[in-house]
Amino acid sequence: MSELNQEYKPLIVAFCCNWCSYAGADLAGSNRLAYPADVKIIRVPCSCRVNPMFILRAFQRGADGVILCGCHPGDCHYTTGNYYTRRRMSMLFSMLDYLGIERERTRVEWVSAAEGAKFASTMNDFAKKVASLGPNKRLEDLRCKP
Amino acid sequence: MLKCNLSQLDNLFAAVAEAMPLYLPTQGKNGANYTKWQAGAVWSNTCNTQKGPKDLFFPQSEDLMAFKTQGKTIEIIDTRNEAEDFAVFGVRACDVKSLEILDRVFLSEPKDSYYASRREHGIIISLACNRPTENCFCGSFGIDASSPNGDVTCWLTEDALYLRGNTEKGEKFMALAAPFVTECDDTAAEAQKEKIQKIMARLPLADLKTDAFGGGKTEEFFNSPQWAKLSESCLGCGTCTFVCPTCQCYDIRDYKTNDGVVRYRCWDSCMYSEFTRMAHGNNRNSQKERFRQRFMHKLVYFPENNDGVFSCVGCGRCLAKCPISMNIVKVMKALEGEQNG
Amino acid sequence: MQRIGVFVCWCGSNIAGTVDVHAVAEALKNESGVVFSTDYQYMCSQAGQDIIKNAIAEHKLTGIVVCSCSPRMHEATFRKTAAAAGLNPYMVEIANIREQCSWVHKDMLSGTEKAVILGRAAIAKVHLNAPLIPGQSPVAKRALVIGGGIAGIQTALDIADAGFPVDIVETKPTIGGKMAQLDKTFPTLDCAACILTPKMVDAAQNELIKIYSYSEVSQVSGYVGNFDVTIKRRARFVKEDLCTGCGLCTEKCPQKKVPNEFNLGMDTRRAIYIPFAQAVPKVATIDPDYCTMLKTGKCGICSKVCTAGAIDYTAKDEFITEKYGAIVVATGYNPISMEKFDEFAYSQSKDVITSLEFERLTNAAGPTAGKLLRPSDGEHPHKIVFVQCVGSRCDSCAEKGKEYCSKICCMYTAKHAMLTRDKYPDTEVYVFYIDVRTPGKAFDEFYRRAVEEYGVHYVKGMVGKVVPQGKKLMVQASDLIDGKQLHIDADLVVLAAAIEPDKSARPLATMLTASMDTNDFFTEAHPKLRPVESPTAGVFLSGACQGPKDIPETVSQASAAAAKVIGLLCKDHLTGNPCVASANEMLCSGCSQCANVCPYGAITYSEKEFRMPNRTTLMRRVASVNPAVCQGCGACTVACPSGAMDLNGFKNNQIMAEVDAICRN
Amino acid sequence: MQTVNTQTLIERASALLQDGTVSAVLGWKRGEFDYDMTPAVFTTAEELAAGFVYNDFCGANLSKYLLKKTREIQGKILVFLKPCDTYSFNQLLTEHRIHRENAYVIGVPCSGMADIHSIRKITGEGIARVELTEGGLLVHTLYDDAPVAVSYEDAMADRCKTCKSKKHVAYDELLGEEGDVLDSHRFDEVAKLEAMTPDERFAFWQGELSRCIRCNACRDVCPACTCEKCVFDNPDSGVENKAPGGDFEEKMFHIIRAFHVAGRCTDCGECSRVCPQDIPLHLLNRKFISDINKTYGEYQAGETADQRPPLVNFTQNDPEPSDVVKGGHDHA
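Chains as they are written, first to last, in this note's numbering: chain A, 1 to 146; chain B, 147 to 487; chain C, 488 to 1152; chain D, 1153 to 1484.
These aren't lab readings, by the way, just hints derived from the structure by calculation. No residue lacks a Cβ here, since even glycine has one placed at the ideal position from N, Cα and C. Be aware that one or more of the hints could be misleading.
[As the list claims (entries may be wrong)] With beta-carbon atoms standing in for the labels, derived distance ranges:
1) D:Gln1170 / B:Gly427: 38 to 44 Å
2) C:Arg1108 / B:Ser419: 16 to 22 Å
3) D:Asn1445 / C:Asp829: 44 to 50 Å
Use the sequences and the hints to build the structure in full.
What follows is the structure in structure tokens.
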């Protein structure tokens, strides 16, 4: 185990929509499906509430990966919320890739309230990928480093 | 007077860079800018730098102090680090004067210690201006581009660089340059001076006069109807203030970091709507007032408080960079025209 | 400065098991703004809530953070606790350290560290909470029931019984749904029509209930208490008020060859028809696909014959808009199609039928007037094979069938088997099953009676293949108990087909913004605690649209849904959700990007006068949000570039404060 | 050389002023030299005759001034709009930022604007005078005795080299003939960047954006950036900042600014024209435009005044983010 990922633990911020993915996270909890403790979940009413500023703010403050979970398109509690998320995040992630930021630091995943297992496996997979990328050097703000 | 053949110049730079960081203009994507010298750097002496040497003495953003918060306890950390000696080569006469103007602001009581430590350790090697641009009008402010001040003054001819030490800081630089220079008389330098003075006379803005301005002219210009016309298309962006070598306004702000707060100062622009916003609001809340404040400060308020020294050095950067080409020359001509037109 | 109280819950050992709750309480004690921090076994218990109330009073708290289970569980509880102690209920934040921390991280150290971080994030958010007062919106005292089966009828009757007007919208020409097609009903074997038709008649005669048959919901807008629903009344070509239901036209109509969907196509009906004798409303309907008069303009016999002059060939579809306070979904179920299950030769032989077709065969009003005859040659079957779990409990990766158990097949097959043995003792009955699931009241006794008293051969094993040979159906199956292959030459094979939600459910869910699971059953607000409510406020679920269930359960759920509707309609106004968007007029430039993304059309614009510098004024177009219509999704806050549009309870700076608190090292 | 000369515009404007159709004229005013025109409002024919000019150095897009002018000035204001400016005009109309009835738009044809930086790269510093002749520009410098000839092609700004349309999409009156939409390969630069490896792209943008001095000229000139108070000026927004702090702030500022105008930016190129540090900011906006075109179908902001921008629109079957950012999970 190289020194890098033994001591280095990625910090992952997950924005979960209250109606589906947050409930999916709870279901993963009640089914005791483990995923890394580095993932911290912020509850938002809908995935369309997440502003690109929040994602850049997370990276600025030291996050290594940001994942945004929402209801499956068509299932949004507010009918069209995740359609806008899909467009906004497609464009934002494409721009971040254009600026040379590693693609795997950001991700959108649709998780319904009934998909506890999918939530846990997504978090495990995402945490592993972000850990393999190492600390976030390209979107960090030196003033926020310890 | 000392002479250094152009072929020797790179070795001179290398020697100086050995002893202390040396900043000199190098050609960037958008014109020359002061960059730290390292082996292989090519000195660009064609025209003035896009941004003045002010950045090396009064950087755009500078940490003043930091606070570490642990739960409810706060610890104050002084982030200041004393500047070491460094040299700035190729400074034009207008930029040298701009530093003198900044000195009046920062070095008068209460002294600004951050600026002072850099100013003391900075050695200014000025260069007479062989090719001023059409935007230059330093002559109008009594600046002689052919023999600038500074710790060391240089003149550049086709084959050699002529150096003259003026201050003991300059002598320190001359000592480093000693192996590459030889004694010589002033004739070549004097010849270069005349050439420059001839060109300065031919500049399009050479005949711009400043006697209509200066201290005590506030009543005369404050309510001039010209301000509305001049400022109507100003965007209120900060370009003119951020490229100007003499602008000295800054804002002090706190940035909440992960484990505390960093208190820093950064350039501010009187053109911004947020500039000097006070508890009761903002006394200049239309672009016309902000526009007037900028040029009245340069041409009237500063000379009034600084025994007649104007806060503009005629470097022409605001003429080149303003998105809508509105600048101090047009303002002066408009106000002057109104006065005797 | 805020005075914040932190309350860390043990949740017995659920949290305390893998998170050091004392350490968390201690760590959060020296967060800025925190003046009180404690931990207790069960914060949601009465004792726990008292601790909160006392702390609020004693330390004059302005905001509380409860580190406990998911806010989806007890956010409402702790908000009520705060309100009871005089603190605005929206100054409460929950840190989810059970489902999203203690239950998913085994290691005590990282679990505790994460709990502290989640606590910090909640504290950072509560610092920026503002006391919110929910808005009020009026309640339209009328309910809408979509679906006229037993579920819809029972719900409508209960609501009307409480004195509230109800409209039933049923796509078929008559209410009654699937139950009307059944013969007997388990476990008491009383006849379906005998217990259903009185309810149908009650519904018809109740003046508070209006039945829109042969209609469907075409558009829904508005929100709980204020739904505007557009109902499309398909053209029936018969005037409901004039038709007496005498049925004369249905005898004279020359077009005889129309497959009768009431009998699942096993016999035919006329182009103008009444589905079955006890239909409610007892009104004829002209089928536009088959009526020669409508298609070619030549015929018109039914209008000549009709003594009441009720026929009207020029009728058009009608759209009615009505305001409702609550909507109950009762769209019911359908058996799945058998075409993917051809191993049972369903499409090759007419004698392989589904259980619902078997119901029609044994029903007195059915195609064979109740005599059990083989659809192919009308002969009496001597050997019948029932195949269970056809399309139910299938492996998820099989591309056919459903994963879930359809719940009602074991009972109705036992009923079929028992009735067949009782009526035709000479007929041998085999039932091939994986498990027999008869868990209801008097259900297991019913099943054992079928085995012991009526001699039904229950064979635990799967049917491999059914091969039609001549007049016989060779059924090849395995007997897992005796471990041998069985070959039975059956005369009739009955497939217990899985059931799935009605096709109209998916588009309806989109209209109602109600969420559905992957099998198109409506998702309930909470599987155990709120089974008859949809997460969408004001939408309730009754019957099989929420999941497979038998008639007893359907009726109990129908009454439960009615109780919920009555609970809603008896209120004069509803306290709205205060976490809605609001526009800051000073920042708004009226660019209408937000209105483009609002799913509910809650944003309108108006010209307002603003004081500008130097004592001038300026008219500017600014947005304003209708708090009653806004559901608080937040799409507008991101479409708004200047941040003028913000969402109460989830403000931009609040979410950023949470991000900062999480990333703080 | 513009196909319509200053005189024609002055006559038309003076006529409209005289007959009272308009009460003011928004155009370009001669400056100190031949290339530093300033947008200005003229109220009398004399002022027009004295200062008005329309030539190859009138790159400024006047549509954003209409925001204030159509509110403050009584009566109509005449504005001369080049083809690319009319797209911005339509976009501002879509967002109700201009009172259409107070603006009288005259479309002027444009054969591409000259860029003084390009000229300087050819002739060097010290440009005393610039003559616009049929064949090209004659540049008199301080240091060469004979004037330097520069072709219009070499002097042209690169946003004009990849001009998207010579068609005026909004006007009350048109001077000169109408051009048409060109298929400019304006996304070649973007494609070149996209072809680079992430490390190269990161290095490129790190180099460019680290030169930003946060002067806000790009935001203040942009016709799509018209908020009453920008989030970066509003202390309660949480992202307010004035100083280039390390290298993250500039990335945040430019990503968010490009995102805010995504789907609304008409690609008029003003942001790159005014940047004092010559950062190719239009490459950020063009990336969004090219992505939108590729993913959601061709869309030109400002083509008509009632379009619904793509980022506030959707279809049921838009591609997933992981499909749009190719490879999604592989690491290039």
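Outcome of the hint check:
1. Between Gln1170 of chain D and Gly427 of chain B the Cβ separation comes to about 43 Å, which falls inside the hinted range of 38 to 44 Å.
2. Range check, Arg1108 of chain C to Ser419 of chain B: Cβ separation about 21 Å, and the 16 to 22 Å hint holds.
3. At about 48 Å, the beta-carbon gap between Asn1445 of chain D and Asp829 of chain C stays in the expected band of 44 to 50 Å.
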